[in-house]
Amino acid sequence: MWLNRNITKNKSDRKTLSKLLAGFFDLGDRGLESWVKRRFIEKFYGQSPHPFVVALQHPSRATLLGYVVEHQHFLRQWVRSCSFIMARTDEMEVVLYELDNINTEYGGVGTGQPSHYELLLRMGESLGLDRQKAFRMAPLEDTREAIRVWDMICQNDHWVEGLAAMHGLELIANRKLRSEGASIGYFDPMILKNEEISKEAKAFLREGYEADVGHSEQALGLVEKYSKVFGNVDDVQATFLRSIDYFDRYLMARLERSRQF
Amino acid sequence: MKVAEKGCAICQATWGDYWEEIQGQRMFFCCYICAIEFKNMINEVKKKTGWKKIDEIKMTGNHRGRECTALYDGKRYSFNIRFDSKGGIDAFSERV
Chain A
206 MWLNRNITKN KSDRKTLSKL LAGFFDLGDR GLESWVKRRF IEKFYGQSPH PFVVALQHPS
266 RATLLGYVVE HQHFLRQWVR SCSFIMARTD EMEVVLYELD NINTEYGGVG TGQPSHYELL
326 LRMGESLGLD RQKAFRMAPL EDTREAIRVW DMICQNDHWV EGLAAMHGLE LIANRKLRSE
386 GASIGYFDPM ILKNEEISKE AKAFLREGYE ADVGHSEQAL GLVEKYSKVF GNVDDVQATF
446 LRSIDYFDRY LMARLERSRQ F
Chain B
113 MKVAEKGCAI CQATWGDYWE EIQGQRMFFC CYICAIEFKN MINEVKKKTG WKKIDEIKMT
173 GNHRGRECTA LYDGKRYSFN IRFDSKGGID AFSERV
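Protein chains in written order, with our numbering: chain A, 206 to 466; chain B, 113 to 208.
So here's chain B without its partners, still in its complex pose (with noise of 0.2 Å):
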């Protein structure tokens, strides 16, 4: 999966050292909350979109409210996210 080019999958942030693998992939996250985070976030877009997989997320925002797409297999999903404290979903909210 393609994530951002530097630092933490969900706030690009460079400091931390936090590593999940994810699809396969091992994945750099500043902390464990970014972890779940991003987690939550790939499932919720496949459980809306009933993809397999997803090819790249592209992101925008910050922690209060997040711009997202998802890109597979050249379709596109357009969403709204923001998380809780823990790393929940807390609105979620599909862009047309």
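Chain A with its partners taken away, still in its complex shape (with noise of 0.2 Å):
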């Protein structure tokens, strides 16, 4: 499958595949950072958009209130990630810039900048669903195996294939995608001025479309410096490929959970 989707569905001799690979993972002359968002873009943003961002354009409240369940156990396990990310590695940037996630996603700062997560609650409250019976609501399989990949990527694998594999998903939201050849942005920019979700809806979507940008952009940074200090770029990428594999599916999870509002 993942031959089809990324290569070529043509069953094809070693020689023939071996080269369309090598031309897949080539990193051309604008390094990796160019071709994780490449990657990425084609994934999420190219001609046939993921269904949970066609949906995300102009929400009903249904895939908010999808969005919303599902993503507390993606914050949850989030924290987890980057907690691994820093207990493991040696460099000061990396762990500050860890520190500094998990401060927006998931701790905030004070009462005047609660984080991600207390506002994707505070969203799923607008809209009529007590955070309390969100607790209470189990992650569907594609989420909750989409976890576990995570954790076992950030648990054993290098660090920078864990920075790449969790932040490269900050993509998702970072609005500059659209001059860098994706089709169209998470949302349409307008829900953020207009009424037509509530307005802790927009808080909450405000709130990544400003942070991650910075998030995804600096993360790639670093992993492009790293990856090359410890010579493992080829690992990286494969690590990246897999993490987007299954946050494909955990989009989809969204909306299938949105079928229950």
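Keep in mind that a hint or two might mislead.
Unchecked claim - Below, computed lysine-lysine pairings styled on DSS-like, alpha-carbon distance capped at 30 Å: (1) K118/B x K248/A; (2) K214/A x K114/B; (3) K220/A x K114/B; (4) K198/B x K248/A.
Honestly, the hints are just simulated from the structure, not real lab data.
Make one complex out of these two single chains by using the hints.
Right, dumping it as structure tokens:
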């Protein structure tokens, strides 16, 4: 299935397949960061954008609630994954990056700057989903599988692979991808200005919209730098691809959940 | 049943080697997930139309969504379908 979707649908001999794979993994002149973005755009923002992203352009209440229920589980894993990366690196700039990221996503800064996690729960409450009820909802199978994979990557693989696997995912809300070939953005920015969604939903989406450009690009800069230091570019590429395959499924789980509302 | 001339009955890939008998016909699929998708699609169309069997399914699109037309005994039934990661039907809508 991976070959069909990424390389070719035509059964090829060893020599042809080797060439095609070499072409797919070739970083070209623009380096690993650019390659990661290119592969991410192809998968989620290409000719056939991901169905969750399509639904989020002008989201229904059900779409946003599907987002809340599955994403709470994602964010709880997120902080574990970032912590594993921090625990396994000796690089101060990586530790500082992860600390900042954990604060933004999970800890928050005082009462004035609630975390992404808190904003998510508030979005759910504004749509009628009590947070205690949300906490009681177990993740769907695709979410659970994806979380397990990210947990294993960050526990067992090199921390640079973990960095690429996790923070590469923040490209999903990176609005600059539009200028790099994405067919659409994560959502239509008009919904932050009109009355289509609640003010709590706007606050949640706006936070990611503003934070994830910096989060994803800073992390990819670190991935580029340290994959050269450790000589593990190939492993980083493979782990990133594995991560976005599970992310694809996880986004589908948000849609599956939305059908319950 | 008439399906794609080449490759997997769902995605037309020529990789893989998975076979299943459907409506008494031995059919090639690239993987077991595509076979599950195909069987679920056939069953859903039969359920919606009441047809006993299907003569042909024409398909365009990709894993993000497929536009299909089923044919039986001179009748047509057009629909859009998308599958989940396990081959279940994630979205199905009739096309007029």
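Structure-based check of each hint:
{"no.": "1", "hint": "K118/B x K248/A", "in the structure": "holds, 25 Å"}
{"no.": "2", "hint": "K214/A x K114/B", "in the structure": "holds, 20 Å"}
{"no.": "3", "hint": "K220/A x K114/B", "in the structure": "violated, 34 Å"}
{"no.": "4", "hint": "K198/B x K248/A", "in the structure": "holds, 19 Å"}
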